[in-house]
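Asker: Please work from the sequences and hints to get the whole structure.
Heads up: the sequence lines are chains A and B, in that order. All residue numbers for the first sequence refer to this note's numbering, where the first residue is 1 and numbers rise by one. All residue numbers for the second sequence refer to this note's numbering, where the first residue is 1 and numbers rise by one.
Treat the hints with care, as some may be off.
[Said to hold, decoys possible] Interface residues of chain B toward chain A, partial, derived using beta-carbon atoms under 8 Å:
1. L38
2. Y49
3. P80
4. D81
5. F83
6. S91
7. F97
8. G101
[Unchecked claim] Heads up, simulated SDA-like pairs for lysine to any residue below, C-alpha to C-alpha not over 20 Å straight-line:
9. A:K58 with B:V19
10. A:K65 with B:S53
11. B:K104 with B:V58
12. A:K43 with B:L11
13. B:K42 with A:S7
14. B:K108 with B:K45
15. A:K43 with B:S10
16. B:K104 with B:S14
17. B:K45 with A:E46
18. A:K43 with A:D62
[As the list claims (entries may be wrong)] Computed list of chain A residues with no C-beta within reach of chain B, every gap over 12 Å:
19. S25
20. H35
21. K43
22. G57
23. A61
24. K76
25. S85
26. R87
27. C96
28. S105
By construction, these hints were calculated from the structure, which means they are not laboratory data. Backbone N, C-alpha and C fix where the C-beta goes; we use that ideal spot for every residue, glycine too.
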Amino acid sequence: EVQLVESGGGLVQPGRSLRLSCAASGFTFDDCGMHWVRQAPGKGLEWVSGISWNSGGKGYADIVKGRFTISRDNAKNSVFLQMDSLRLDDTALYYCVKERGSEGSGWLDSWGQGTQVTVSS
Amino acid sequence: DIQMTQSPSSLSASVGDRVTITCRASQSISRYLNWYQLKPGKAPKLLIYTASSLQSGVPSRFSGSGSGTDFTLTISSLQPDDFATYYCQQSYTTLLFTFGGGTKVEIK
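Answerer: Shown next, in the form of C-alpha cells:
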C-alpha cells in the first residue's frame, strides 16, 4: 500500500522559512516523479512544485519560483520542499503527491493527508 | 503557462441525475488531462487519467472524454457519495502542471 506522510508544517511569521518533508513507502520511490500540491482555505487545488525521479528535472509554479526549492533523497525515500520568504498567501494545506510516471508528465495517483502551513504575524 | 477553465463552478443535482462537468485548456494539451475528486477532510482522489482512462477502483459511472482543448467528466447516475468538488488538471507541460478552478457538486 502506498503511503505518503508529510511533516514539517506549522505556524511561521512572514519572511521566515519552513522545510516540509514527505516520507514515502509501499512503492518503488526512484521510479516516480513527486510533487507538492496545496489548498489554501476556501480555495481550490494549486500545483506548487514537482521533481523527476532522478532530480534531473524540477518545476515550480510562478507564484513560488525563486522562493521554494524541491529536492529528494532516493536513498531515504523522501521528498522535501524548502520554503523561504514565506508570505501570508502561502497559508495552505500542503499535499505530497506521487506521480504515475517518472519524468513529470504523468498523473497524480497517490496523495498524502497533507501538512498545514500557516503564515501569520 | 496553460490555463484550465472549468464550468460550471458549482451545480445542484439529485441522486440519479446525469452530471457533466467541462474543462477547457488555453491551448491544446492532447489527452494529458486528469480528473480528481476532493471531499472535505480527505485527500484528493484520482478518478480519470489521460482524458478517459478510469483509475482502478473508481466506479464505472464516472467517465471522461475529450482531446485537444475541450474535455468532459460525466457521472452517469449521481450517487450520495459523489457530492464533492471535482478538479481537472493538465500534465502536458512537463513539471509545470495546472489545475482547473473546481466544480462543486451539491445536493438539490
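Asker: Against this structure, judge whether each hint is valid.
Answerer: Against the structure, the hints:
Among the interface hints, the one on L38 of chain B holds; its C-beta lies about 7 Å from the nearest C-beta in chain A, closer than the 8 Å criterion. Residue-level restraint check for Y49 of chain B holds (minimum Cβ-Cβ distance to chain A is 4 Å; threshold 8 Å). Using the Cβ-Cβ criterion of 8 Å, the hint placing P80 of chain B at the interface with chain A is not satisfied: the shortest such distance is roughly 23 Å. A hinted interface residue such as D81 of chain B counts as satisfied when its beta carbon comes closer than 8 Å to some beta carbon of chain A; here the least separation is about 18 Å, so the hint is violated.
Annotation: F83 of chain B was flagged as interfacial toward chain A, and the flag is violated, the nearest CB pair being 17 Å apart, outside 8 Å. Hint status for S91 of chain B: holds, given a least beta-carbon distance of 5 Å to chain A, under 8 Å. Given the 8 Å rule on beta carbons, the hint for F97 of chain B holds: about 4 Å separates it from the nearest Cβ of chain A. Proximity of G101 of chain B to chain A holds as hinted, the smallest CB-CB distance being about 5 Å (cut-off 8 Å).
Taken as a hint, the K58 of chain A and V19 of chain B pair is broken in the structure, with Cα atoms around 37 Å apart against an allowance of 20 Å. Taking the CA atoms of K65 of chain A and S53 of chain B, the gap is about 32 Å. The hint is violated against a cut of 20 Å. Distance check on the hinted pair: K104 of chain B and V58 of chain B sit about 19 Å apart at the alpha-carbon level, within 20 Å; holds. Note on K43 of chain A and L11 of chain B: the hinted pairing holds, with a Cα-Cα distance of about 17 Å set against a maximum of 20 Å.
Using a Cα cut-off of 20 Å, the hinted pair K42 of chain B and S7 of chain A holds, with the two alpha carbons roughly 17 Å apart. With a CA separation close to 24 Å, the supplied pair K108 of chain B and K45 of chain B exceeds the 20 Å bound. Restraint check: the Cα-Cα separation between K43 of chain A and S10 of chain B comes to about 13 Å, which is no more than 20 Å; the hinted pair holds. Only pairs whose Cα atoms come within 20 Å are accepted, and K104 of chain B paired with S14 of chain B is accepted, the gap being roughly 14 Å.
The suggested pairing of K45 of chain B with E46 of chain A holds, with an alpha-carbon distance near 15 Å, which does not exceed 20 Å. Annotation: proposed proximity of K43 of chain A to D62 of chain A holds, straight-line Cα distance about 18 Å (limit 20 Å). Every Cβ of chain B is farther than 12 Å from the Cβ of S25 of chain A; the closest lies at roughly 16 Å, confirming the non-interface assignment. Residue placement check: H35 of chain A does not keep its beta carbon more than 12 Å from all beta carbons of chain B (closest about 7 Å).
Some Cβ of chain B comes within 12 Å of the Cβ of K43 of chain A; the nearest lies about 9 Å off, and the non-interface call is violated. With a closest Cβ-Cβ approach of about 5 Å to chain B, G57 of chain A is found to fall inside the 12 Å limit, against its non-interface label. Its closest Cβ contact with chain B, about 8 Å, brings A61 of chain A to no more than 12 Å, contrary to its assignment away from the interface. Non-interface call for K76 of chain A relative to chain B: holds, since the shortest CB-CB distance, roughly 22 Å, exceeds 12 Å.
With a closest Cβ-Cβ approach of about 21 Å to chain B, S85 of chain A is found to remain outside the 12 Å limit, as its non-interface label requires. Even its closest Cβ contact with chain B, about 20 Å, leaves R87 of chain A beyond 12 Å, as expected for a residue assigned away from the interface. Not every CB of chain B is more than 12 Å from the CB of C96 of chain A (nearest about 10 Å), against its label as outside the interface. Its closest Cβ contact with chain B, about 5 Å, brings S105 of chain A to no more than 12 Å, contrary to its assignment away from the interface.
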